[in-house]
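Visitor: The primary structure of each chain is shown beneath.
Number of protein chains: 2
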Amino acid sequence: KGGLCGKTGVSLVVVLVSVSLMTIPSVHGGKVLVFPVDGSHWVNMNLIIQSLHARGHEVTVVRTATSWYIKENAPHYRSITVSLPEAINIEEQDFFVTFLVKMLTIEREGGSLFSFVKFYWEMLGSLSKIHQQASFLGIKMFENKTLMQSIRDTRFDVVLIDPGLPVGVLVAHELKLPTVFNVRWITSGEGHFVVAPCPTSYVPASRNAMSDKMNFGQRVKNMLYYLLNTCIDKFIVCPHYDRLVDRYFGPDVNFYHLLQGADIWLMRMDFVFEFPRPTMPNIAYIGGFQCKPSEPLSSELEEFVQSSGEHGFILMSLGTLVQGLPLEITSEIAAAFAQIPQKVIWRHAGERPNNLGNNTLLVKWMPQNDLLGHPKIKAFVAHGGTNGIYESIYHGVPIIGIPLLFDQFENILRLEVRGAAKVVQATELTRHNFLEAIEAVLHNPSYRNNMKRLSALHRDKPVPPLEMALYWIEFVMRHKGASHLRTESYRMQWYCYYSVDVICFLIAVLMTLTAIVVGSIKFLCFRLCRKRKPKQE
Amino acid sequence: KGGLCGKTGVSLVVVLVSVSLMTIPSVHGGKVLVFPVDGSHWVNMNLIIQSLHARGHEVTVVRTATSWYIKENAPHYRSITVSLPEAINIEEQDFFVTFLVKMLTIEREGGSLFSFVKFYWEMLGSLSKIHQQASFLGIKMFENKTLMQSIRDTRFDVVLIDPGLPVGVLVAHELKLPTVFNVRWITSGEGHFVVAPCPTSYVPASRNAMSDKMNFGQRVKNMLYYLLNTCIDKFIVCPHYDRLVDRYFGPDVNFYHLLQGADIWLMRMDFVFEFPRPTMPNIAYIGGFQCKPSEPLSSELEEFVQSSGEHGFILMSLGTLVQGLPLEITSEIAAAFAQIPQKVIWRHAGERPNNLGNNTLLVKWMPQNDLLGHPKIKAFVAHGGTNGIYESIYHGVPIIGIPLLFDQFENILRLEVRGAAKVVQATELTRHNFLEAIEAVLHNPSYRNNMKRLSALHRDKPVPPLEMALYWIEFVMRHKGASHLRTESYRMQWYCYYSVDVICFLIAVLMTLTAIVVGSIKFLCFRLCRKRKPKQE
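If you're matching them up, the sequences are chains A and B in order.
Quick note: the first sequence uses the working numbering, first residue 7, plus one each step.
Quick note: the second sequence uses the working numbering, first residue 7, plus one each step.
One or more hints might be untrue.
Claimed, not checked - Looking from chain A toward chain B, a few residues come up when the C-beta cut is under 8 Å (computed):
hint : residue
1    : T152
2    : F199
3    : A202
4    : P203
5    : T206
6    : D466
7    : F481
Claimed, not checked - Straight-line C-alpha distance at most 27 Å; calculated DSS-like pairs for lysine-lysine:
hint : chain 1 : residue 1 : chain 2 : residue 2
8    : A       : K467      : B       : K298
9    : B       : K370      : A       : K458
10   : A       : K124      : A       : K135
11   : B       : K219      : A       : K182
12   : B       : K182      : A       : K486
13   : B       : K227      : A       : K486
14   : B       : K182      : A       : K219
15   : B       : K182      : A       : K458
16   : B       : K458      : A       : K182
17   : A       : K219      : B       : K219
18   : B       : K458      : A       : K37
19   : A       : K182      : B       : K467
20   : A       : K467      : B       : K458
21   : A       : K37       : B       : K298
22   : A       : K486      : B       : K486
23   : B       : K486      : A       : K467
24   : A       : K486      : B       : K458
25   : A       : K467      : B       : K537
26   : B       : K467      : A       : K458
27   : A       : K467      : B       : K467
28   : B       : K135      : B       : K240
29   : A       : K151      : A       : K124
Calculated directly from the structure, the hints in this document are not laboratory data.
Quantities reported herein were computed from a predicted structural model and do not represent experimental measurements.
We put the CB at the ideal spot given by N, CA and C, even for glycine.
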């Protein structure tokens, strides 16, 4: 846990000491109700729950009966399990794999415009179905009076929500409890878009893999993406929750305002990775809070890694959601790997490519953080999910990115812009371009140096991000919210918010004044001319 | 230094423990060049300088020869003294007193519109003169090649600037050094207005004492204030610095961009006091960093205070800049004080009112923080400078505000909106309304309770604000800047920034498409009609 810092100038002597900068009032025995999202999101949330438990809080997690990652009860939490009707339920893991394979097939085969539109239409249908499922969870809870009463009786202090599926917001409103969001995604995309100003001129819209420096064409595209996201939000996602709000809270309550009214937004972001952009006083950045120093490897793994000698090794993993790529892609990857002197550890659950080199070890699971922190690691082949990216930044390991879904394209782009990653599109991946990418990252020291610089910046924080998350959750418990940090400007009409009415009024006044002045001058001229004319006559 | 927190719920057991949350990499032996602003601003800056010195940094302060508060050399800094020509030099203290008395006289006598306009015109003249003086400091430095070379040879690590008078920004640019701002005011008003989005619909413009909830008329007024501030900035303040930029850096450099390009903005603000509003990743809030627990009073003062018995005492101070009000106002104040059972300690340097009550002690100086932290204090009569306000918030003492100059009107309003202060305008002050205000604050517990609540929120921070300030200054030293936290969107043309070009383009496309569709329909109708007509004929 030693202090960390970047390179220091000639005149600076850096002393690594632990200084207690903080006098934090600890809160014991708080009660936290959690609405998580399954999959990789749960990995994050679970870590916070474990830490809350360790600090003496009681945690209750709401899950569906068919939840994939979120287990029923655990030493560090108790759970409320809600059974959804068969028709509503989605098996998430299969769902995403099917989805990905479909997309890759279309793109690699150079699908027609029609096939793309059809695909995106289906995607929107799936998005709608996921939110329908979440909203159904809400209905099942609201309809179960015994459950709601028992929740009320528990007297929770705060509701901790991953607003990727924001049904917990409605339950918190019903219980009149303050909310803390552990957020990366929200209905209309990246979390900031709901709560902070997002000028489309330099803030790339979600799903639009673009940097913060855009030319005119890119800014037009960005605006269109922004409008598209807003429409998806308004017509596909929100209606599911609006229905619940209408049903249980009546017409005076607005779902979007409930969403915007969260007390604290713990954003799983960090500005070594995210482009700098406007933020709000009630946003705390906890990107990389899951990162920690690596621990020793098992003896077999350590032996394999050491056998790489001076060449070191490469790690490959495509995350928790997608455990397999189509064989036609994996065999290209295997062929490229077979040509390098480095050893490779590849987390792969699909069919084994038969052209796998001797240097490549396929594993079903691996201690990713311990491998990323190993001194012999040279590069990380990743899909670009945020968990893996932050671990890679933390340990300063450059990335070869194969983005597959969602935000992964934007994530990898952010590192590419900073010279810390190289991208290979899965749809265009061949053994040649993949090998080129690996060799570039291995042999051009700038990738590693840039990642080391990001790592130094990322680690240099007044308070470690996990502590920061716990601090704000407890702050909300201590003060029953944090409304002094939250603007309620979102309750204004859009034309008031953007001062459209004021600008129109001022322009009207200016035009009236101009008209009066011009009119008076004209009138005077006219009178003067008339007076002269009789004289002339 | 014990932990502090607000009221806690029934189910929470609060344990006050010191927890080390932070592993901070300490930097010793850094070199800091400081450009302070005189007066109360210096009180703040000096505190940071003392702390930097205590952490082993060498500090060099740039001052003018006639500086009022900033002494030549000190145990904790060395100074660079620049002599300005007689004609440029302003004796700040006299200047502000003259200014205030003039304003109060006009307002109390119900001056004509002409006298107001004349007064504000003179005020703008003085503002211009202050900035001219600051820019002259820059010229004197740039022209002194020996001085500049010796500064260069010192190899400073960072330039710490109070951008109220932003000449240090030019010197930092010349030296190619990163900058940290210790800021409340900047050329166009409150610091945020230069660097963060400020929707005029809910962010009150500087010099406009308004809350964040505005009706249509107030929003119009706010927009006008915003435009006025922008004009003052553009035509009165910036030209002085633009001339320097032109002269020393050529036409490619823009003064305003240099200003906006600061690495870190340490804002002397806190959201228990400031209205919540958009912020930026490179802004750190250090409002109240000067606050500290009170120490025991001198025996005479303690005796006086204890003699107040159960009634307690009231403190009155109008800050460092203005040490005296006109006698006609002070005698009203004295008359009101004479009627209350509380004791009064009044810091007053002007003429002694002859109707002073026995309960009132006039002092030239007082240990304000120790008095504010005394258990017997009941209220604080203050002008509303930020230093006094933060000390009052820190100790939870409600305020009776007599705002006089600058931001004091806005400051007091912010506390009034939160129910922690009552305002009496100096121009309308009589013994009756002043007594009423005092009695309201003394006898209505809501003022004290609201201030206690603000105090609890203010003190509950992950890192104390002074530590935060030092952290970021050292961060900039360690990493030679903090550009990853700074957007450079300010370099965009305004119409790009606000997407005016994109919106116009999209509207044009939409209109063209509509025209084509409508045109085609018309054309078709026309053709159909023509075809039918011959048949009819």
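Visitor: Of the numbered hints stated earlier in the document, which are not met by this structure?
Guide: 1, 2, 9, 12, 13, 17, 20, 21, 22, 25, 26 and 29
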